[in-house]
Amino acid sequence: MYDFEIEKPGSIADAVKALGGDEAQALGGGQTLIPTLKQRLASPSTLVSLSGLAEMVGICKDDDGRLCIGGATTHAAVAADGSYAGLSGLASHIGDPAVRNRGTIGGSLANNDPSACYPAAALGSGATIVTNTREIAADDYFKGMFETALKEGEIITEVKFPIPEKSNYQKFVQPASRFALVGVFVAKYEGGVRVAVTGASEEGVHRWTAAEEALNANFSTEAIAALDAPSGDGMINDLHGSGDYRAHLVKVMTGRAVAAAA
Amino acid sequence: MPKDGGIGASSKRREDLRFLTGKGKYTDDINLQGQAYAYFIRSDVAHGTINSIDTSAAEKMPGVEQIFTAKDFEGVGGVPCGWQVTDRHGEVMQEPKHPVLAEGKVRHVGDPIAVVVADSLAEARDAAEAVEIDITELEPVLNMKDALKDGATKVHDDLTSNLCYDWGFVEENREAVDEAIKGAHHVTTLELKNNRLVANPMEPRVAVAEFDSSTEEYTLYTTSQNPHVIRLLMGAFVLGIPEHRLRVVAPDVGGGFGAKIYHYAEEAFCTFAAKQVGRPVKWTSSRSEAFMSDAHGRDHVTKIELAMDKDGHFLALRTDTHANMGAYLSTFAPSIPTWLHGTLMAGNYKTPLIYVNVKAVFTNTVPVDAYRGAGRPEATFQLERVVDKAAREMGIDPIEIRRRNFITEFPYATPVAVEYDTGDYHATMDKLLEMSDHAGFDKRAEESKKNGKLRGFGIAHYIEACGIAPSNLVGQLGARAGLYESATVRVNATGSISVMTGSHSHGQGHETSFAQVVADMIGIDEQQIDIVHGDTSKTPMGMGTYGSRSIAVGGSAMVRATEKIIAKAKKIAAHLMEASEGDIELKDGAFTVAGTDKSVAWGDVTLAAYVPHNYPLEEIEPGLEETAFYDPANFTYPSGAYGCEVEVDPETGKVTVLGFSAADDFGNIINPMIVEGQVHGGLAQGIGQALVENCAYDENGQLLSGSYMDYTMPRADDLPMFNVDHSSITPCTHNPLGVKGCGEAGAIGSPPALVSAVVDALQRAGHDVTHIDMPLTPDRVWAAMNS
Ligand SMILES: Cc1cc2nc3c(=O)[nH]c(=O)nc-3n(C[C@H](O)[C@H](O)[C@H](O)COP(=O)(O)OP(=O)(O)OC[C@H]3O[C@@H](n4cnc5c(N)ncnc54)[C@H](O)[C@@H]3O)c2cc1C
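Those protein sequences? They're chains Z and E, same order as listed. The opening position of the first sequence corresponds to residue 1 in my numbering, with each subsequent residue numbered one higher. The opening position of the second sequence corresponds to residue 1001 in my numbering, with each subsequent residue numbered one higher.
With the rest of the complex left out, here is chain Z:
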């Protein structure tokens, strides 16, 4: 780790100001950033801690019935909430208790690890990512592995999730890290079904539109069984599984998510 300063701003406005400084970086739960610093893979001069910002912590519902989660809310808090079953279920299987008690939804979405869980929920729910300057629809937010629409110094202050009729997240773990080797989030809304896939693609989290169409016609495991698995081309091929294996798992996990959706 290199030396750095730590700032603990009292408001989002102060945090934004602090982040305007030279080589300042936001610190959420530190579950990704601190290991990176320890390996000297990043060298911010200032870390601006967001986890103490009362404005950014907590869960409530807005007038449209959307679940609004502060950007610095921990995975454990989301897991315990329960008003959006698929989302709470997903959060309860991120990492271990220590990770869940520290890691935040904002940090996870800002990082957009191709194997992370939250991106699948955000995309699969058609969530809205709220920042200090704007609102970004999930469909416009994820730009590929570790890439997002966020600008330098922009903070995720809140994430708004429309609550579906039925939802479920199925995570097939990469055996070492226990991140998602393949994770599929299925959410059934009045307006249609959304299926988001994480872990599998070299493009990061994405929607499996063929499955969405099939499920819109018939929300059942049979509808998935009748589909071809997506192509293995462009899927991640590594020590833990080939592209074809991941593609196959996308189909299997989608079927299981539909079966388990509640």
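Quick caveat, the hints were computed from the structure, so don't treat them as lab data. Fair warning: this is a prediction, and the values are worked out from it, not measured in the lab. Heads up, the beta-carbon is just placed ideally off N, CA and C, and yes, glycines get one too. Take these hints with a grain of salt, some might be off.
[Claimed, not checked] In silico contact screen, one side only, chain E against chain Z (beta carbon under 8 Å); selected entries:
#1 E1132
#2 F1237
#3 E1651
#4 T1652
#5 L1704
#6 S1705
#7 M1709
#8 T1712
#9 D1779
Use these hints to put chain E with the ligand onto chain Z, whose structure you have.
Okay, now just chain E with the ligand, sitting in the frame of chain Z:
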């Protein structure tokens, strides 16, 4: 009734009080006044020529004491290898120099190039980034078979090729085995890999060294399984320090699993540098460094052939292995695929003809050496897997084919040069079938089927050789050290006892079980006995702990020393009771005169030894302290039957281990609870190897599994509740305790049982799968089912 003390009692591990309450004193807990910190700059390429190292800018950085490169080690020896193997043509192996810091070339990712010693670790790291190293990358040598082709790039320019040795065993049998295989009714062939593993002890390696210029004495604190061996190798071969000027201390050590047996460059570096910079030098490995600098385990590529008659009797066995040595020879590396592997190829079976060929190969990877089981898991894996495949090909039940070939008469001389003293393989097999409810398997398989899962059962019967010895034999086989063990039993005036042992405990519970042995012999409370280990200034010469040798060899030395104590104490007691020595009996901590009611307590005798007022001074010396060295007559041969029950999810290929039963014959048992714990740990490691662990390199020689993000350790939820039994006992015939050793068995017997269980599950479901290489991760199982 379970005993409440002494041999056979499940005494609670006394060391756990400090381990579990954070009071253990590990090497990293040792901080010496004024110490400096060493940071190793390691190669990030697998193979390359070092053109230049420029330390000038770095030397000016804050806090820097000195920066070392190979230049500073001119005149210092290389890290030595402790075993010289002679090949099948009578030539000794090729042995490259293993410099402390890379000389001219780097040979694996992690090879140390330079070291910054500074006031703090952060300053050392900062300066390390300012060291400019120019390296021209060379083609990495990775695949063992390609490495042996003519014209292949060489790992060591001064060797004739990448072949360390081509070993044949028993060479005289080579042709007879070929003939027998040619003429056999059926030959089963299996090609397999034994996956490379990283030991991953919980505590990474640490070295802290100091030099006292007034006495010219060095002290090295290090994470070692055998401090005396480090003193010998480093003192005599690397740095030229005589033993009486070099103290090596291995305090509490947080697991070793083999990786802490060896003498490492970092230890020699810190000891050397402490004198150079005139202050203590400390190095603590990071976990990332551990992945690329701790010796790895296994990494064999094997073809095995088993010839049978029409009834499935084994006629001949031929096996051909390429064993990866990595870039340099680690301390015991050459002995692992040879003497600890070839000698075990008979297994539990009466195969009359066996030929083992092993080609040890240098590659641009981390050195490979012993890892829990060391050679014996590799032997057991290939043998038990080929037996399983043979059974299926012959249409004979895998249990029956084993029984048909079991050795039943002892002693039994195998065709691979060892003599098993005792064993009862049918007994352990019977026990296993009972424990694992083998009879109920079909019903359970039906249940699984209803849930869309494939259930399978796999079996393995292993033999291992522990307590490797005797010294004169291993010397003939190329060992450059003896393999005895020693103990000093020091009885204090009040009767309490300190036992100084050359064995080292790094999780095995010696402080408890060793005390039980001495307590039992004398008949006093275990708490009166303290076990002292891990410090060359306190304990007699010892060879340390590995190869499941501690109770068999170290325990036997302790017994011998205690016998001497008792003999002398009896003389003193005879004097005190005015009786003849031959009539003295020792029971429950009191000396009595046979046929009388005369009695004198243990404490009275020990007091008399140190306050010799009423004492036969003209016949015996005062004091009560004895030392014994024990050099065993033979190996010990634990054996056992292991059964694994799995369920495979056919949609994903995921394997769930539902049950694991182990019926072992460890000979006599000192502490059943500790033995059970050792088996649990061994099973976790064996299942880890078979199911999840995999050390992988990419085509450039970069470690793909260089952290826990990609190297899978088995977690508790990967493992079933273990079903462990060690009631089948055939005591070892040649050591005084009748013990065989239990530390490695679990890791030896479990991998083939698991793989056979998965193959069984797939075959029952109609898949034409005869083998899957470890680890059996979901993607591999799925690929096997869908190829
Ligand atoms: C052992 C372990 C297991 C894990 N397992 C999983 C798993 O199974 N699934 C999974 O999805 N994840 C897993 N994670 C990752 C975990 O969920 C992290 O918490 C998460 O990815 C990052 O969140 P954080 O709050 O810790 O962010 P930090 O590490 O603090 O920051 C990460 C990045 O986001 C930026 N950032 C942080 N907060 C904000 C914000 N509000 N707005 C803008 N930028 C911000 C930071 O500047 C940094 O670049 C695991 C982590 C560990 C250590």
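Now for the hints, and whether the structure bears them out:
1. The beta carbon of E1132 (chain E) comes no nearer than 17 Å to any beta carbon in chain Z, farther than 8 Å, and the hint placing it at the interface is violated.
2. Given hint, F1237 (chain E) at the interface with chain Z, is violated; its Cβ is 35 Å from that chain's nearest Cβ, farther than 8 Å.
3. Below 8 Å, beta-carbon pairs count as interface contacts, and E1651 (chain E) has one with chain Z at about 5 Å; its hint therefore holds.
4. Of the supplied interface hints, the one on T1652 (chain E) holds, with its beta-carbon coming within about 6 Å of a beta-carbon of chain Z, less than 8 Å.
5. Given hint, L1704 (chain E) at the interface with chain Z, holds; its Cβ is 5 Å from that chain's nearest Cβ, closer than 8 Å.
6. This hint holds: S1705 (chain E) has a C-beta 7 Å from the nearest C-beta of chain Z, less than the 8 Å allowed.
7. Because the smallest distance between the Cβ of M1709 (chain E) and any Cβ of chain Z comes to about 5 Å, under 8 Å, the interface hint for this residue holds.
8. Residue-level restraint check for T1712 (chain E) holds (minimum Cβ-Cβ distance to chain Z is 4 Å; threshold 8 Å).
9. Look at D1779 (chain E): its Cβ gets to within about 4 Å of chain Z, closer than 8 Å, so that hint holds up.
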